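Engineer: Listed below, chain by chain, are the residues.
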Amino acid sequence: MIEVESLRKIFRGGRGLDGFSLHLDSRELVGLVGPNGAGKTTLIKILSTLLPPDSGVARVAGQDVRSDSRGVRATVGYLPDVAGVYQDMRIREFLEFFADAFRLKEPNRTAAIDRALTRSGLADRPDDFVEHLSLGWKQRLLLAKTLLHGPKLLLLDEPATGLDPLARITLREQLKQLHAEGVAILISSHILSDLEDICTRIVFIADGKNVSEASSSAPEGATAPTIRCEIEFESPASEADPLLKDSANVRVVEKRDRLLIVELTGGPKEASAFLQKLLAASLLVTHFDARGLNLEDRYRRAFGGQPR
Amino acid sequence: MTRLITNPMIVKELLQRLRERRAWLLPTLYLLVVAGTASFAFYGATDLDMGGNRGEIQGADIGEVLFLTVIVTQMVVLLLMAPVFSAGSLTIEKEQRTFAGLLTSLLTAPQIWWGKFVAALLYLLLLLFSALPLLSLSLAFGGVDPVQLLKAVGSTILVLASICTVGLWCSSMFRRSVHSTAAAYGFVLVLSIVTAVAFGILISRWENHNPTVRFEGPPAYIQAPMFLNPFYPLLAILGGESFGQFSYPVSSYLLFTAIGCLAAALAMRRIQRSGDQI
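Top to bottom, those sequences are chains A and B.
The first sequence runs 1478 to 1785 under my numbering.
The second sequence runs 33 to 310 under my numbering.
Any given hint might turn out to be false.
[Claimed, not checked] Distance ranges between label pairs, derived from CB positions:
{"no.": "1", "chain 1": "A", "residue 1": "PRO1529", "chain 2": "B", "residue 2": "ARG53", "range": "37 to 45 Å"}
{"no.": "2", "chain 1": "A", "residue 1": "GLU1608", "chain 2": "B", "residue 2": "ARG208", "range": "34 to 42 Å"}
{"no.": "3", "chain 1": "A", "residue 1": "GLY1490", "chain 2": "B", "residue 2": "SER236", "range": "48 to 56 Å"}
{"no.": "4", "chain 1": "B", "residue 1": "GLU52", "chain 2": "A", "residue 2": "ASP1601", "range": "46 to 54 Å"}
{"no.": "5", "chain 1": "B", "residue 1": "THR38", "chain 2": "A", "residue 2": "ALA1588", "range": "17 to 25 Å"}
{"no.": "6", "chain 1": "A", "residue 1": "LEU1612", "chain 2": "B", "residue 2": "ALA228", "range": "37 to 45 Å"}
{"no.": "7", "chain 1": "B", "residue 1": "ARG53", "chain 2": "A", "residue 2": "HIS1500", "range": "47 to 55 Å"}
These are computed hints drawn from the structure, not numbers from a lab.
On a predicted model such as this, the values are computed, not experimentally measured, just so you know.
A virtual CB, placed ideally from N, CA and C, is assigned to each residue, including glycine.
Make the full structure from the sequences, and use the hints.
Structural biologist: The structure is reproduced here in structure tokens:
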């Protein structure tokens, strides 16, 4: 659905994309993650034909964003980070305008508007003015408007910004539903727990480039899977230092008092072997929790845990 | 052609404009200003102290004064309003963060521009035509014929259309309405005042050098700065003793048309490349 190869877009200020690549299949829901200024919005704007790339390849459903921008727009539904609504229009008028803007003809037009009203949960108040809706309802209306023309790909740039927890849950459910209906989704967000819940894959980006999860701070040669272990000792955690020095596949994340948090390369088998080593060294372990890395851990690994 | 008429942008723009509070307030104020000025002109023209002996006042003189006052007042007020309606129409989309929705729809840049242009111009035409009965009063007094009236209305529409395209161009260039409106007002001021000042300087020099040919009117190159003045075609239409020297209205029409076409082309080009302003 998306083919992006060595994409470059340089602004006068310097930020943009610098050789970024991405491939997204039609059945994927991909989360785009990176620090502020990483190039997420630039990428989404290029894919939605708002910005022309300087060089590289950017295709949506086989259509080039530069030479076939009209075809791309018909395929894509784009929801920007801070999307506005026409406050002085009624809900139905708002949807009718965008149905006409996407050249929907009857009877598809009316059906699409009714579907959008149902999808947004506003079917019982189509004559209300948009300005009377809360932020959460406006976001639902905007998503419904974005889906009016039946796009095969959704490009969502920080769609949960400013939403309350309930509205975020609703948005997540809607995106899951759309994904189940066969809509490919590329979503950029800083809310990692949301992405972890819904995405089939995460792509990291920084300074306009792809970022590998195995950062320099990770154990050498580390690749997924990686296990994160939280260990509590009866005695100070520093007593495990000699053992840690001998373990090449272990990286200390945190060590204070009796708590030790490490990441180790491998799966449950390696975690079990590490626990056995600790016990064999006569260390009294009172708590041992081993689990796969969550997105926050992976983000820390990719970006070094430092804010940018 | 059908798409130009059934453009969804026009429907949306008109719907939004007519829902604004100023939709009814502005026509009311506009008519009050034009009617007030026309009344003042009428009583001025028929006043004994100002006009001399009442028996010497001709109906044609009253009609001419009334006509000139109303068309010039209309032009002044509409020139002040045109930037407000045109220069804010694209920037408001940027300020309200709705522009991305338009640019990523199947609407083309010319369609977006056309919708904004028609909506702005139609509202100005609503004002213009609402004062038409007042302007037509001058026909009853004589001194002005219907063709002159039609030409005056046509010239006003052409000038307003041209100003609207410039306003839209400013709106496409800036992110904030306040900046684009200021730029559009600057343009109107240059056209209205700078051209008149330039003409005043040129004609005074010309008259000093050509004292004997004064009544034949200045040549075209002396009048040239005034071709860009919004009031020039109106004064040229009226002609007569007072404004007989303004004799090239077609040059003015062509220049305003050229300005309009250029501004429209530049605005559409800018709309197409507005992704960086969102």
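Engineer: State for each hint whether it applies.
Structural biologist: Each hint, compared with the structure:
1. Separation of A:PRO1529 from B:ARG53 is about 40 Å and conforms to the stated range, judged on CB atoms against 37 to 45 Å.
2. At about 22 Å, the CB distance of A:GLU1608 to B:ARG208 disagrees with the hint of 34 to 42 Å.
3. For the pair A:GLY1490 and B:SER236, the beta carbons lie near 52 Å from each other, so the given range of 48 to 56 Å is met.
4. A C-beta distance of roughly 28 Å is found between B:GLU52 and A:ASP1601, which places it outside the suggested range of 46 to 54 Å.
5. With their beta carbons about 20 Å apart, B:THR38 and A:ALA1588 fall inside the hinted range of 17 to 25 Å.
6. Take A:LEU1612 and B:ALA228: their Cβ atoms lie about 52 Å apart, and the range 37 to 45 Å is violated.
7. Here the CB-CB span from B:ARG53 to A:HIS1500 is close to 52 Å, well matched to the stated 47 to 55 Å.
Comparing the model with each earlier hint shows violations of hints 2, 4, 6; every other hint is respected.
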